[in-house]
Amino acid sequence: MATWRPDPSFYPSPRMAAKAPKETLAYVAAFDPERKRPDAIAVVDVDPASSTYSQIVGQVDMPNVGDELHHFGWNACSSCLCPNAPHPHVERRYLVVPGLRSSRLHIIDTKPDPRNPQIIRVIEPSEIAEKANYSRLHTTHCGPEGIYVNALADRDGKAPGGIFLLDHQSFDVLGQWEMDRGPQKLAYDFWWHLGHDTMITSEWGTPDTFENGLVPEVLLGSKYGRRLHFWDLHKRKHLQEIDFGEEHQLVFELRPAHDPTKAYGFVGCVISLKDLSASIWTWYRDGNQWAVKKVIEIPAEPADPELLPPVLKGFSAVAPLVTDIDLSMDDRFLYVSCWGTGDMIQYDVSDPFAPKETGRVRIGGIVSRATHPKAKNGALSGGPQMVEISRDGKRVYFTNSLYGAIDPQFYPEGIDGWMVKLDVADGGGIAFDENFFVDWPKGHRPHQVRLEGGDCSSDSYCYP
Amino acid sequence: MTTFWPWLSLAGLGAFHGLNPAMGWLFAVALGLHSQSGRVVWLSLAPIAIGHAISVATVLAVVVAFGSTLDPNTFRMAAAALILGAAGYSAVYGHRHRVRIGMRTDMAGLALWSFLMATSHGAGLMLVPAVLSLCLAGHASELAMASSLPISLAAVAVHSGAMLIVTAVLSLAVFAWFDLAVLRSAWINFDRLWTLALGATGIVLLVQ
Chain S
0 MATWRPDPSF YPSPRMAAKA PKETLAYVAA FDPERKRPDA IAVVDVDPAS STYSQIVGQV
60 DMPNVGDELH HFGWNACSSC LCPNAPHPHV ERRYLVVPGL RSSRLHIIDT KPDPRNPQII
120 RVIEPSEIAE KANYSRLHTT HCGPEGIYVN ALADRDGKAP GGIFLLDHQS FDVLGQWEMD
180 RGPQKLAYDF WWHLGHDTMI TSEWGTPDTF ENGLVPEVLL GSKYGRRLHF WDLHKRKHLQ
240 EIDFGEEHQL VFELRPAHDP TKAYGFVGCV ISLKDLSASI WTWYRDGNQW AVKKVIEIPA
300 EPADPELLPP VLKGFSAVAP LVTDIDLSMD DRFLYVSCWG TGDMIQYDVS DPFAPKETGR
360 VRIGGIVSRA THPKAKNGAL SGGPQMVEIS RDGKRVYFTN SLYGAIDPQF YPEGIDGWMV
420 KLDVADGGGI AFDENFFVDW PKGHRPHQVR LEGGDCSSDS YCYP
Chain F
0 MTTFWPWLSL AGLGAFHGLN PAMGWLFAVA LGLHSQSGRV VWLSLAPIAI GHAISVATVL
60 AVVVAFGSTL DPNTFRMAAA ALILGAAGYS AVYGHRHRVR IGMRTDMAGL ALWSFLMATS
120 HGAGLMLVPA VLSLCLAGHA SELAMASSLP ISLAAVAVHS GAMLIVTAVL SLAVFAWFDL
180 AVLRSAWINF DRLWTLALGA TGIVLLVQ
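Chain order of the listed sequences is S and F.
According to numbering that gives the first Met the number 0, the first sequence is numbered sequentially starting from 0.
According to numbering that gives the first Met the number 0, the second sequence is numbered sequentially starting from 0.
Treat the hints as calculated values from the structure; they're not laboratory data.
Values in this document were obtained by computation on a predicted structure and should not be read as measured data.
Cβ coordinates follow ideal geometry from the N, Cα and C atoms, glycine included.
Mixed in with the good hints there might be a few duds.
[Claimed, not checked] Sample of chain F residues facing chain S (criterion: CB under 10 Å; computed from the structure):
no. : residue
1   : Pro20
2   : Ser34
3   : Ser36
4   : Arg103
5   : Trp112
Excised from the complex, chain S in its bound form (with noise of 0.2 Å):
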């Protein structure tokens, strides 16, 4: 339903959003990796003053077993304030959740009781087959035509993957989103410069190539996604591509500024062929052109060949594997998840060109197994993951699990999941909530998490 005023988590500028109330509550996908029992979207308190702080609180179940829960996203956001495209009386209230696997789409009302939201629609893979020609659905923004859900394979599970619109209401497919695809083949993750008229997608691979886990000749064979890919998001047609060379791959999670008359934005890759390492890139306009710049490098750290999984052991170090970034609201801290040795650091990127490290916590990891003071037993496994951060940019939330296939191909003991927070200090610098401990509940494992009224990589902005 319409309503009669904009929203009150809606904020024309990512200045104003950064003023938000503090999130009380967040939700975290959930799911089995044994695909026996149905995936969750999980409620966490995280408000401070209550009781149930640092707990679950709710819980809804998917109707299916095996969708293998991921990425997910509102049905609107701060882009409805958008003066060439408004629907500033679109209430955020659905979360769009979908099976990365299953290829099921599931809306999730979190209104009438936050704590225990409902499914109201389920979209079969089917629908979304016939409609829009794509399956193995990831990503989710909501943006100026509706709710953009991207896609890492066509309907057969092959290439193209790509990105489809849904009706921000209605919830009804509306059919594929590009008129003009170019050489892009791969997709992983997208989003936009709003104030830039832009659509950037990255690259992972095909369902083959990943979905029993990854696959070794095609990493070493530099197969796997290593592109970035600019495409005009208005006339949806494709524009340009960056190819980061046969040494790096899997690029993955892509930040742009908040700030929309700002064209730079920042990109993890997960691995060097080189030497393990990962890196940070950033985007950025030069001339009439997009160009990149590598601007963070994270070494392996070496380790004693006993303590690495077989995949690893050959190399006697440990690949960071940065599997997640994400940047505050004023475009200042870059927080970077190396999933491989188990740290999360802070970078000041005021200067996008010329990070400086501010803050770095370790937890799990494949050798350091570190743990959090209020774990209870000791070596914790998994390492920082998926992140997310407060919009007032005070509170950052990460969980441990990458995908359920590839998890036990780094973590072959298992994972057992957990959530955490860490405080940020003004200026820089960042530590564990000691208070603040999930010890998720067995037979599920954490993903994404999204804040109460939008976080920091849930709304985009047109005012600056």
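Mind docking chain F on chain S? Use the hints.
Just chain F now, with coordinates in the frame of chain S:
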């Protein structure tokens, strides 16, 4: 005095469009903010007004051209049906349509955007009752093409002029003095008001 009210309603509808953030002033402010230039806000006003004027003029021209071939009663019914159709479209689809123009638009793109916004809102149709009453004022029973044309042109000028004035005042004032945070509470649902107004106008025209 009988011909005063139609002119006032034409101007009032223009002012309403000018007031609606979705019809132009907010876009002008945003373009100004992106280029950090008050001059861009000024420059944006012309394409917004021109796009709007072309939309309402086209609709009026088509309606009057057809209308002059019909007897006034049939014409009134046809206009009512069109307006109710626009109200129905607006209620069902409203703001949800293909986005063609982005934040890097040039002035021609801005005029096209304004044209599309006005057309999809049914802005021109809403002027039909006022123009109809003006055209019929002098000729008790039939629409004459010769006199309708200047009246319609004047109607477009009054309507678009009122819209331009309100758009200009709002965009320049907001750009210069206000923080856009006001949008969070002040942006009321103009779409719903507009749909109700279209529906009411259609019904009044029908039962008149």
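Restraint satisfaction for Trp112 of chain F [CB to CB of chain S, less than 10 Å]: Nearest chain S Cβ about 6 Å off; hint holds.
Ser36 of chain F as an interface hint toward chain S, with CB separation required under 10 Å: Given a least distance of 12 Å, the restraint on Ser36 of chain F is violated.
Proposed interface contact between Pro20 of chain F and chain S, which counts if any beta carbon pair is under 10 Å: holds, 7 Å
Interface hint for Arg103 of chain F, Cβ within 10 Å of any Cβ on chain S: holds, 5 Å
Restraint check, 10 Å cut-off on beta carbons, for Ser34 of chain F near chain S: Holds, because the Cβ-Cβ distance from Ser34 of chain F to chain S comes to roughly 9 Å (cut-off 10 Å).
Violated hint for the displayed structure: number 3, the only one.
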